[in-house]
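Protein sequence lines correspond, in order, to chains A and B. Numbering-wise, the first sequence is residues 2 to 295 according to this note's numbering. Numbering-wise, the second sequence is residues 53 to 435 according to this note's numbering.
Please keep in mind that the hints were generated in silico from the structure rather than gathered at the bench. All the given hints hold, so there is nothing to weed out.
Here are the simulated DSBU-like pairs of lysine-lysine, each with C-alpha atoms no more than 35 Å apart in a straight line:
hint: 1; chain 1: B; residue 1: Lys-163; chain 2: A; residue 2: Lys-114
hint: 2; chain 1: A; residue 1: Lys-114; chain 2: B; residue 2: Lys-227
hint: 3; chain 1: B; residue 1: Lys-138; chain 2: B; residue 2: Lys-107
hint: 4; chain 1: B; residue 1: Lys-368; chain 2: A; residue 2: Lys-9
hint: 5; chain 1: A; residue 1: Lys-232; chain 2: B; residue 2: Lys-163
hint: 6; chain 1: B; residue 1: Lys-416; chain 2: A; residue 2: Lys-276
hint: 7; chain 1: B; residue 1: Lys-292; chain 2: B; residue 2: Lys-138
hint: 8; chain 1: B; residue 1: Lys-368; chain 2: A; residue 2: Lys-44
hint: 9; chain 1: A; residue 1: Lys-11; chain 2: B; residue 2: Lys-164
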Amino acid sequence: MSIFVDEKTKVVVQGITGSQGRFYALRNQAYGTQVVGGTNPKKAGTDVDGIPVFATVAEARSETGANATMILVPAAGAPAAVMEAAEAGIELIVCLTEGIPAHDEARFYNALKRDFPSTRLIGPNCPGLITPGKCNIGFTPGDDALGGGPVGIVSRSGTLTYQALGELGGKGIGVSTCVGIGGDPVPGTSFIDCLAAFEADAETKAVMMIGEIGGSAEEEAAEFIRAEMSKPVVAYVAGVTAPPGKKMGHAGAIVSGSKGTAQAKMDALEAAGVKVGRNPTEAGDLMAGVVARL
Amino acid sequence: MDLFEYQGKQYFARYDIPVSPGGMARTIDEAVAAADAAGYPVVVKAQVQVGGRGKAGGIKLAADAGEARRHAEAILGMDIKGHVVKIVWIEHASDIAKEYYASFTLDRSVKKHLAMVSAKGGVDIESVADEDPDAIAKAHIDPLVGLDEATARQLVDAAGLDVEAHDGAVDVLMKLWRCYDEGDADLVEINPLILTPDGKVHALDAKVTLDDNAAFRHPEWDEFRGVAQLDPRDALAKEKGLQYIGLDGEVGIIANGAGLAMSTLDVVNQVGGKPANFLDIGGGANAEVMAGALEVINTDEKVKAIFINIFGGITKGEEVAKGIVEAFRRVDLKAPIVIRLDGTNAEEGRAILKEHESERLVSKPTMVEAAKAAVALANGVQP
Chain A
2 MSIFVDEKTK
12 VVVQGITGSQ
22 GRFYALRNQA
32 YGTQVVGGTN
42 PKKAGTDVDG
52 IPVFATVAEA
62 RSETGANATM
72 ILVPAAGAPA
82 AVMEAAEAGI
92 ELIVCLTEGI
102 PAHDEARFYN
112 ALKRDFPSTR
122 LIGPNCPGLI
132 TPGKCNIGFT
142 PGDDALGGGP
152 VGIVSRSGTL
162 TYQALGELGG
172 KGIGVSTCVG
182 IGGDPVPGTS
192 FIDCLAAFEA
202 DAETKAVMMI
212 GEIGGSAEEE
222 AAEFIRAEMS
232 KPVVAYVAGV
242 TAPPGKKMGH
252 AGAIVSGSKG
262 TAQAKMDALE
272 AAGVKVGRNP
282 TEAGDLMAGV
292 VARL
Chain B
53 MDLFEYQGKQ
63 YFARYDIPVS
73 PGGMARTIDE
83 AVAAADAAGY
93 PVVVKAQVQV
103 GGRGKAGGIK
113 LAADAGEARR
123 HAEAILGMDI
133 KGHVVKIVWI
143 EHASDIAKEY
153 YASFTLDRSV
163 KKHLAMVSAK
173 GGVDIESVAD
183 EDPDAIAKAH
193 IDPLVGLDEA
203 TARQLVDAAG
213 LDVEAHDGAV
223 DVLMKLWRCY
233 DEGDADLVEI
243 NPLILTPDGK
253 VHALDAKVTL
263 DDNAAFRHPE
273 WDEFRGVAQL
283 DPRDALAKEK
293 GLQYIGLDGE
303 VGIIANGAGL
313 AMSTLDVVNQ
323 VGGKPANFLD
333 IGGGANAEVM
343 AGALEVINTD
353 EKVKAIFINI
363 FGGITKGEEV
373 AKGIVEAFRR
383 VDLKAPIVIR
393 LDGTNAEEGR
403 AILKEHESER
413 LVSKPTMVEA
423 AKAAVALANG
433 VQP
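Taking the hints into account, I'd like the entire structure generated from these sequences.
Printed below as a string of structure tokens:
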């Protein structure tokens with residue numbers, strides 16, 4: 002078992018003819034992911050190293066039975082790419098594109114919620130997700146990921162996601178699924194969405210959560226863990242000593258209240274019964290202890 | 053991008069939000085000319101991106117040209133909490149009957165926009181939120197629907213604005229929404245939004261944060277750039293396209309990914325060191341990028357050791373290692389380097405680093421060990 006992706010996931014790459022799209026399509030395919038096609042309206046009928054290119058996602062879906070997309074188009078075109086995938090009936094949209102304006106993200110997030118409530122969006126500006134040995138969509142270096150469970154990982158940060166996989170892999174601890182939700186203002190999938198999915202997943206016995214400063218997603222996750230989760234959670238929050246990030250002025254401070262600092266997030270998580278490491282290595286050690294007692 | 057007050061008012065003016073007539077000035081003569089044009093009495097306002105400028109003497113009323121000259125002379129060059137005033141904004145002084153507050157920003161937890169209006173403006177709105185939260189009327193705005201006039205009117209009413217201000221405030225709110233939405237702002241805030249004795253509502257201050265990600269569709273933002281005053285280290289980093297924030301410690305930090313960079317600062321702190329900076333080189337770590345990062349760090353006199361922390365996901369380990377070796381050759385570094393290289397093909401990368409290892413170039417397998425070595429080197433101890 003796993004969450005969101007497995008060996009049956011069939012992926013279409015939107016932006017496959019770009020240099021990044023091509024690179025990751027082939028890399029994910031080499032890992033074992035079923036990359037069944039790509040899209041580019043101007044290059045329909047051609048192929049990228051044997052992966053067929055279609056004009057639209059709808060066409061790619063009807064020809065290949067794809068149920069997921071990976072989006073690697075430039076920021077200006079990404080909102081339309083997300084909506085195209087949803088309208089084509091794709092169940093899982095993984096948007097890796099970074100630099101999308103926040104107002105656009107808010108618009109397509111709310112449009113999906115209203116018109117396509119069963120479609121899951123991961124990202125934007127995320128490293129993707131991996132169910133080791135079965136499906137890797139995105140940037141994650143698959144070699145660092147050891148599969149088979151019992152730990153699920155959810156992270157807001159890219160490289161720290163790989164760090165977490167490395168810490169666990171180095172100790173011989175396997176992972177069910179590792180999801181990088183991205184650090185943008187309006188992530189399609191939240192910590193809570195992933196925690197709920199891991200709670201329901203039979204293979205996942207414990208969850209590692211990697212947060213960072215800013216916003217209040219970690220505090221909201223802490224509340225969810227306290228109220229809803231039976232499985233143990235280990236967390237690390239980056240940025241205890243980081244300089245305050247982009248100041249959102251007074252209105253932003255009011256929205257998030259006193260929340261937002263790494264310390265406040267760690268306190269909230271600890272109060273919810275989460276074991277919190279002060280750095281990724283310590284979090285890895287804490288998880289090793291949790292796994293030993295499972 | 054945070055705008056100065058005068059830039060915020062220029063942006064407001066694009067969306068027909070009423071502001072006082074005025075002009076910006078970099079010299080005393082320009083200031084007097086701007087004051088003459090605005091019409092006396094005028095207010096001379098220091099343009100700095102830090103709160104508390106009024107208390108620091110950065111905002112002064114002038115009744116005539118002589119007074120405007122004296123105030124501009126005092127305020128230009130003034131140091132307000134470490135920010136040197138290079139620009140003043142001079143505007144016609146307004147008669148104020150009432151001071152209100154209005155803003156739009158994104159509520160990340162609800163994933164909709166948030167409008168806030170209060171009759172208690174002109175003061176620190178955060179203290180209003182703490183002491184009298186009911187004094188702030190709030191409404192979530194669906195990005196697919198936008199702000200409609202009925203909602204704007206409800207907000208103004210719920211906030212308890214004076215009846216004679218209602219129509220003017222609704223008009224400002226509708227325009228401020230357009231400025232926020234079409235203008236791709238992360239934040240627009242008017243504090244105070246004033247009611248004049250003759251019943252007009254207008255913006256006496258402007259706080260605007262633009263979303264840098266939307267710059268590609270806003271060529272008009274170009275005029276706002278290049279004005280902000282940067283630390284020389286920040287300016288060099290910006291020129292090289294690196295995410296850099298200068299700090300005060302002695303361990304220079306280079307990492308790939310914002311999360312890993314933040315985590316690196318944490319670990320350096322935990323083992324007793326003080327980071328000199330935050331520097332994220334992003335996904336690719338080739339020789340060009342690495343050399344640029346090392347050049348930026350090299351300009352920081354306080355740096356005694358440099359910690360390079362790379363987890364190769366996108367870039368392979370041997371490419372990262374070659375980049376570091378090449379950059380090490382190209383930049384004449386004042387401080388020794390400690391490298392922790394992990395991720396894709398880390399073994400191959402470490403093998404390359406091994407060939408070049410010296411007292412000035414140390415490689416460690418884990419983040420914590422590397423942090424300890426960097427802090428030891430910064431303290432003059434060879435690890």
